[in-house]
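Undergrad: Can you build the whole structure from these sequences, using the hints too?
Listed in order, the protein sequences are those of chains X and P. When the letters of the first sequence are read in order and numbered with the working numbering, they come out as residues 1 to 468. When the letters of the second sequence are read in order and numbered with the working numbering, they come out as residues 1 to 469.
Do not rely on the hints blindly, as some may be mistaken.
BS3-like mimics (lysine-lysine), calculated; alpha carbons at most 30 Å apart, straight line [stated by the list, open to error]: (1) X/Lys-100 - P/Lys-174; (2) P/Lys-177 - X/Lys-100; (3) X/Lys-102 - X/Lys-174; (4) X/Lys-339 - X/Lys-374; (5) X/Lys-102 - P/Lys-174; (6) X/Lys-370 - X/Lys-339; (7) X/Lys-97 - P/Lys-177; (8) X/Lys-171 - X/Lys-97; (9) P/Lys-177 - X/Lys-102.
Keep in mind that the hints were calculated from the coordinates and are not lab data.
Residues per chain are reported as follows:
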Amino acid sequence: MNEHLWRVLSLQDHNTRVVILGTAMLGFASGLVGCLTLLRRRALVGDALAHAALPGIAIAFLTATVLGYDGKTLPLLLCGATVSGLLGIVTILLIRKYTKIKEDAALGIVLSVFFGAGVALLGVVQQMSSGHAAGLEAFIYGKTATMTSSDAWLIGAASIGCVLVSLALLKELKLLCFDEAFAGARGYPVLLLDAVLMGIVVVVTIVGLQAVGLVLVIALLVIPAASARFWTDRLIVMMMIASVLGMLGCLFGASASAIFPRLPSGAMIVLVTGVGFLFSLLFGRQRGVLVRWWRRRRLNESIDHQHLLRELFEMFELNPSRLSVPYDELLERRSWSRKRLRRMLHQASSDGWITENISRMAFALTAKGKDEAKRLTRRHRLWELYLIQHADIAPQRVDRDADAIEHVLEPEIVAELETLLDVELGRSRMPDDPHAGESPMEPVGENPTNRLAIENLDSSHGGNEVAS
Amino acid sequence: MIETGWRWSFDGWIVAAGVLCAVASSLLGCFLLLRRMSLLGDAISHAVLPGLAAAFLISGSRSSIWMFVGAVLVGILTALLSDWIHNRGQVDEGASMGVVFTTLFAGGLLMIVVAADRVDLDPGCVLYGAIEQTPWDLWEVQWPGIGSTQIPRVVTVLSVVTLINATFVALFFKELKISTFDPALATASGFSASVIHYVLMTLVAITAVASFESVGNILVVAMLIVPPSTAYLLTNRLSVMVVLACVIAAASAVAGHLGALHIPTWFGFRSTTTAGMMAVASGFAFLLAFLFAPQQGVIPGLVRRQWLRWSILTDDVLTFLYRLSESSSEEHTIPMRTPLRKTHASAIDWMAETLLTTPAAARIAIRFHQWRKRIDSNRDTSTSGHPALSDLPHLTELGRREAETIVRSHRLWEQYLVTRFEVEDKRLHQTAHTLEHFTNRNLQDQLDEQTDSPSIDPHGRPIPEADPN
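TA: Encoded structure:
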């Protein structure tokens, strides 16, 4: 077993070497090209193409056999596949240009109609007395494990060509993918660029198709690119990651299949890249599910924290002589649940912003907490004041608007607000609560006023929780 | 099929199966198309492999009911997973589908290969059922009161599926419509858009699985997408679209089978695969709609555009001649916009340049007006003014009146734009020039009223009187 493992890993077997290196090159190129098609929102174009190749293969075989040649020569079938693949692409582009039919349906139309034509043609081909048609389907379904070295060379040449073209036209293709209209306005030949991009996809797909099969080539075009998207927002980095992921997937998948000969290499490659996708989906640094969940949680926590401090500050401001705020009064100030308020209070107290009494039913701000609360309240009121003064928003409504934005105000913006509002601010540097006149001094619970009504409105947006 | 030619007991059932599959698929396909999820059928038909394999491994039998359940479950799983990845991972819809179905397919392949010792399951055989075998697999169906008939299993199954789909679409048409076009409105009006969504997905999975194990997956993928797209090009109303899609699908199924029987015989072959030809027939229907759809077809659009160009050109020729005679008459000496230069070989060239067209087109337009008696056919050589103008014809009284109407619209528009919108002087002519071709008498009178019936336009040119008729 160990010896076998070593033989595989050191690529001593000719066959293993060909399969592993061939698929790795294909994985590299298709990962790179896949990024462009993914961003062009045409991820499944490889799917449509791979199906659209079938009638070309059948027609190439038919013509060659009728003319008396061997219908199964590889270059001939490749030519047929490429021509009908290009035809499929042209059809997609035409449908998109002249009708209101969307991208996905255009892909589907080409995929199903071309494949149907291919199936019908194969039905005819199988009746031919000369020539042995058996195995034409294998062209579509692939034969990864029996890849020959000429296949590998072909893949290598095509991959290098595609990589070079897409790198040479990187700027143009990038613009095409992100903002087609802008590219057109800048004078780039959009249709030609689109054709070049699709041409690259055709080459990768057709070459990959005969070597590794339909499903694998689709997988290699889609999965590495989709995985790479979780890690970065930069195209060039994404392309590098996708290429590496595609290559690694092929290396591991093909090696696994070589070590355990029972496992089909195509399926193993797809599964390995699929695992890579799952990993990226969960842990991707930029857009991974966990990262985004964590970010949202952090934001919600900080919003809760800011709300709590601000409420406390305002309660002490209303009645400067009081020493602490009871829990029940705090609970009524906002639409927060008991559990959530408990958690927030606990967190704030362990962070040293507030102190609580022994029964944990009354709270006061620490010195540090008071400073922070003052800063937060100031930020909120500055924005309210700005909205009232400069955006003509009624004082009754500014609280909500300010609430929505105060958590993301940068210090620079606060400084700018200060200069803007310098006259109104006067000397105190702490703007008054614009709602102060509405509910002066009375305890909130006894005399429901506008302020309370506003707070109740707040509950409709769940205390400003950021929507997922 | 050994012989070609139509036999009811045989081809009738094949066509019935094809039509049923086509109708069942297109019913749902319309909503998939509008939800931009057309490729779901393709994804499901690849992805069900592990469901089949698992069903086989668990039940240990190749009984179709277990296979069916396994496949449908995985089909629904495909839809759910793609949805989840699309929403949670913010991945493009197509890409999330691609990731899911390729991975599931690979998983299924692996299961089959690993269990190959115990399992005799050929993925091709399971995935690519053949519609031609429909008439061989008969079921006894009891009809109360009539007795029993032999109906192919496929036809029975597909009838049930079609019935379910039709009932769903008919009962929940309003809900489907709202949740397709405006999910937020659906939720606001009190029913859950996502429930409708998942029921739709389930039905797509059932239809796909029921169809491709009997008539081949290519047919169901094609019929989910192509007939709805064709109908989409023909109408803007959802209800009409659904009906049209079903009709087109059924017609493609019939035409496809006929094509499969007959077309290969023209080249000396026997009949070919029916399912493939049905897909091709629906593609042909799409091609026809693409080219000839009255509203959105390429050729009607081309014809409409050319007709508009032509009518604008003929209008322009009349007004040009009118303005020319106006400028050469004694009382108003108004220069033409583009002066006649030495480089113009003839006056026709000059006219063509002014009207932004070719001399040949201008000549044809003049010929057309001569035929319509708007322009004098007898060349009057006694023209006063520029000698080069002698080869330009004159307007007849009829042509003059027509030109006056257009020029009146033009100058009223200019006046209106100046008084009401204070449009810049430079842009005045262009805007009025566009609008003059689309101004009828009614609008003209309104403009006249709005601008207090002026007698000269902002450039000081006289506005012709309205035609008394």
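Undergrad: Each hint needs a verdict: does it hold in this structure or not?
TA: Against the structure, the hints come out as follows:
1. A distance of roughly 23 Å separates the Cα atoms of X/Lys-100 and P/Lys-174; the hinted pair therefore holds under the 30 Å criterion.
2. Between P/Lys-177 and X/Lys-100 the CA atoms are separated by roughly 19 Å; this keeps the pair inside 30 Å, and the hint holds.
3. Simply put, X/Lys-102 and X/Lys-174 have alpha-carbon atoms about 22 Å apart, close enough for the 30 Å limit, and the pair holds.
4. At roughly 26 Å between alpha-carbon atoms, X/Lys-339 and X/Lys-374 fall within 30 Å of each other, so this suggested pair holds.
5. Restraint check: the Cα-Cα separation between X/Lys-102 and P/Lys-174 comes to about 23 Å, which is no more than 30 Å; the hinted pair holds.
6. Straight-line distance between C-alpha atoms of X/Lys-370 and X/Lys-339 comes to about 24 Å, which keeps the hinted pair within the 30 Å bound.
7. Distance hint between X/Lys-97 and P/Lys-177 is fulfilled; the C-alpha atoms sit about 26 Å from each other, no more than 30 Å.
8. The hinted pair formed by X/Lys-171 and X/Lys-97 meets the criterion: a straight-line CA distance of about 24 Å does not exceed 30 Å.
9. Distance hint between P/Lys-177 and X/Lys-102 is fulfilled; the C-alpha atoms sit about 18 Å from each other, no more than 30 Å.
Violated hints for the displayed structure: none, as all numbered hints are satisfied.
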